[in-house]
Amino acid sequence: MNLHSNFDWFLNPDNKLNFGFSIIYHDFFPGKIKGTGQESVIDEYRLPDNFALESAFYFGNDQKITRQVSLKYGFRISIFNNLGPSTLFHYNADYQVSDSTVYVKKGIFHTYWAFEPRVGIIFRLNENSSLKTSYARNVQYIQKAQNSTAGNPLDIWFQANPNIKPQIGDQIAMGYYRNLNNNNFEASLEVYYKWIKNAIDFKDHADLLLNKYLDGELRVGKAYSYGLEFMLKKTKGKFSGWLSYTYSRSMHQIAGINGGKKYPAPYDRPNDLSLVLNYDINSHLSLGMTWVYLTGQPVTFPVSRFEYGGSIIPVYSSRNAYRLPDYHRLDLSLNWKLKQKKGKKFGHSLNFSIYNVYNRKNPWVINFENDPDIPNATYAEKTYLFGILPTVTYNFHF
Amino acid sequence: MVSCTERMDIKLPKGHEKLVVEAYLFPGDSSSQVRVTTSANYFSNEAPVTVADAGVQLNDGQNTWNFHPSAKDTGYYFLTPAEFRATTGKIYHLDIQLARPIGNETHFESETTLPPLRIHIDSLSIQYAPDIEKWVIRIFALDSTGKDFYLFNSRVNGQWITDSIPRKVVRSDEFFDGRYLNGAVVQVLNKDELHPGDHYTLIASNITGEYYHYIIDLQDEVESKNPLFSGPSANVQGNISGGALGFFTAFASTSFKVELLQTKDK
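Which chain is which? The protein sequence lines are A and B, in order. Heads up: the first sequence runs through residues 1 to 398, numbered per our numbering. Heads up: the second sequence runs through residues 1001 to 1266, numbered per our numbering.
Calculated directly from the structure, the hints in this document are not laboratory data. Keep in mind it's a predicted model, so treat the numbers as computed, not measured. There may be inaccurate statements among the hints.
As the list claims (entries may be wrong) - Between beta-carbon pairs, the in silico distance windows are: (1) B/N1182 <-> A/S22: 33 to 43 Å; (2) B/K1014 <-> A/W291: 36 to 46 Å; (3) A/K144 <-> B/G1178: 47 to 57 Å; (4) B/Q1127 <-> A/K144: 37 to 47 Å.
As the list claims (entries may be wrong) - Derived lysine-lysine pairs resembling BS3-like cross-links, with alpha carbons at most 27 Å apart: (5) B/K1257 <-> A/K32; (6) A/K212 <-> B/K1168; (7) A/K34 <-> B/K1168; (8) A/K222 <-> A/K144.
Note that beta-carbon positions come from the ideal geometry of N, C-alpha and C, so glycine has one too.
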């Protein structure tokens, strides 16, 4: 349940205030399992709900200092209350449950609060260029229990509590923006650095499903990321598009994972290049091209093996010490705006596209399997999604 | 979703050699055994190198037993039932001394206990499920109140069917503690693994929680990964010291043997 109120107050031509509050009541349902049929050994097993109240008050001002300089500043005060009824498990140094506290009554049994400032400055160097710099702190009280590299319906949300402190992220960013060639081109270059306290990750072989001791599966540490983003955009004329390149790194360092050493985050893709081009042949026909390139995703590969219980078991490297092959693909499209009757709102178009024109087999996952035909032999196998894929789409609006 | 799978060539780095210990203690008529091998490069594609000259010793704080190396199977060390039978509740300490260091270590050790055998099978049923073309084995047994971990294995005509990690079935009684298992599925056999006239044996064991988690984690690592559902690949923690791989465990088993007289379609 959510109550939110927002106000904008134009104090004067140089000051636009923005403030408001939000109150969110959370009811977390971790999950249940219910057997069906006579032979089922389970009636119903349900983890108890968890409750929380998340409140925030925020205030900000867009202030014009001079013709060249603008300031954007503000703050957010957030409060997070854990509510009963609830059972809080306590863990020892080995993350084993050592005790529990039962909060029988409804009401607040624990509170976190945070002051989250943010400030940004814009310098208009001239009519065509500007410089921006900013700092912001964000505190996150709700995390997603996601152990896979992609989201799925089994993901579980969980809250900060006496065992799990909220994540605190601080980010600084700076950017240079310039319009070129009579505003035919827009260019920008931005750099950022972000560091996170109380970053979380799951221990190796974490048990997430229907686990009432979920806090014991978590490990807490720090994370940081930094990057540089370049963009060049052409917005006018028959020929338009943009080129963007980002160099970025994202690393975690969490006690109990990877021996406490730094490791790349699953989404650490240092090089990210996109080229998007559009050409208007006439008022009805346009061509499009997209080429994307990404450094391969970090993965953990085996470096040796052993035999146990009749099976070959891999022995792995450090977490995310290797990478999948780089990802890239080319898409082409032709958009045909079909005739629209004068005065009618109904409009339609046909789109002919080819996804992944050169049929790049970008690996989605690489698995290592036992060879069923040769004893003791193993091999690597990649699974890739979507080779070359032609599509036809009919769009309409009214 | 459109996807394809194909083999690929990939160059992997070489890992450091590690000792591998697979050790079991039994209370009944089976010989307790220890297998000592070493790890190998991932694509070595050969049977593991065995360690034939290790000193393998067991003690329970009062008595000491020396495992005998097998003359037939190098790397295996045995204690016959006449020499040793594990006892419930005792802590057993395994000691391995090597003639040459592996992983810069020559001495490795581990500990385990024998959990009580609490599962008693009243009956079982075997049905062929034509929709999945599998034999489904169900048990009728009481789960005692209290934390239990189970391991289920199968033999057909004396031959092990569950002879690899993915085939082993381990269960925790978290969702059915103290309940009667009224036809719970404990094994699934392939169509060609069972025929009328065969003698099928289900072996049910009470195992430690640590061994249960070890098998679960091994299964996680030997099965294919799917980015939608799988966690990151990670090494499975055993209970052998000195950076060795593998596990030392003890368990008691009960078996239930039937002759498959005729098939019955589900």
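Inset, instruction - Check each numbered hint against the structure and report the violated ones by number, ascending. - result: Hint check: 1, 3, 5 fail, others pass.
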